[in-house]
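Participant: Sequence:
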Amino acid sequence: MIRKTKQFLRRFGRDEDGQLVIEFALAVPLIFTLFLTSIELGIYSMRQVFLDRGVDMTVRNVRLGTGVQFTHNDLKNSICDMAGNLPDCESALRLSLTPVNIRNFGGIGMPSDCVDVSQPIEPPTVFSLGLDNEMMLVRACYMFKPVFPSTGLGYAFTKDGSGRSKMVSISAFVQEPR
Numbered sequence: 001m002i003r004k005t006k007q008f009l010r011r012f013g014r015d016e017d018g019q020l021v022i023e024f025a026l027a028v029p030l031i032f033t034l035f036l037t038s039i040e041l042g043i044y045s046m047r048q049v050f051l052d053r054g055v056d057m058t059v060r061n062v063r064l065g066t067g068v069q070f071t072h073n074d075l076k077n078s079i080c081d082m083a084g085n086l087p088d089c090e091s092a093l094r095l096s097l098t099p100v101n102i103r104n105f106g107g108i109g110m111p112s113d114c115v116d117v118s119q120p121i122e123p124p125t126v127f128s129l130g131l132d133n134e135m136m137l138v139r140a141c142y143m144f145k146p147v148f149p150s151t152g153l154g155y156a157f158t159k160d161g162s163g164r165s166k167m168v169s170i171s172a173f174v175q176e177p178r
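Its first residue numbered 1, the sequence shown is counted upward by one per residue in full-length UniProt numbering.
These aren't lab readings, by the way, just hints derived from the structure by calculation. Be careful, since some hints might not be right.
Each computed DSSO-like pair below joins lysine-lysine, with the alpha-carbon atoms no more than 27 Å apart [to be verified]:
| hint | residue 1 | residue 2 |
| --- | --- | --- |
| 1 | LYS159 | LYS76 |
| 2 | LYS145 | LYS76 |
| 3 | LYS166 | LYS145 |
| 4 | LYS166 | LYS76 |
| 5 | LYS145 | LYS159 |
These numbers were taken from a predicted model, which means no experiment stands behind them.
Given only the sequences and the hints, what does the whole structure look like? Please build it.
Facilitator: Pasting the structure below:
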C-alpha cells in the first residue's frame, strides 16, 4: 500500500499538465481586483474633487455676497450646481453650518452627519447663519453608491443601510457685518 502511494505521488509530481490553469486561477482575481480598485479610486477622487469645488465656489459666493441672506436650500442648490456631475446630489447631500470660536478653539465638534437614504429624512440638524464677524464652518456630506460595491475599494468603504458610502468636504468663512 505504501509502495503504491509513493508511486502515485512520484508520477503526480512529474506530471506538469495543468500548471498554467493554477497560475491563471491564482493571478487573475488579484489582477482584476487591482484593476477594479483603481477604477473605483479614480471615480471616488473625481467625485471628491467635484464636491470640494462645489463647496469652495459656494463659500466664495457667500464671502463675496455681503448682506445676502442664504438659506439652507440656497446653499445646497448652489453646491450641487457648482459641483457639476454628482449623481442624486439634491437628496444625497447634507449640510451643516456651525460657528467656530477662534479665541477658544476646541476642535470642529461632532462628526458630520450624513443622510442615510434607507431611513426617513430628518430636517437639517445644525444650520446657523452666524453673527457678524463670526467664523463659520461649512461641512458638506455626500452619500454615493460605489461603482463596484463587492470588490476592492468599493467593498472596503463603510456603508449605510442602503449600500451608500460618504464623502465629506469642509470649508470656512467669516460672516461679514450686515
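Participant: Does each hint fit the structure? Answer for all of them.
Facilitator: Checked hints:
Distance check on the hinted pair: LYS159 and LYS76 sit about 23 Å apart at the alpha-carbon level, within 27 Å; holds. Between the alpha carbons of LYS145 and LYS76 the distance comes to roughly 20 Å, so the proposed pair stays at or under 27 Å and holds. Restraint check for LYS166 and LYS145: the C-alpha separation of about 9 Å stays at or below 27 Å, so the hint holds. Pair hint LYS166 plus LYS76 holds up; C-alpha atoms about 16 Å apart against a cutoff of 27 Å.
Using a Cα cut-off of 27 Å, the hinted pair LYS145 and LYS159 holds, with the two alpha carbons roughly 9 Å apart.
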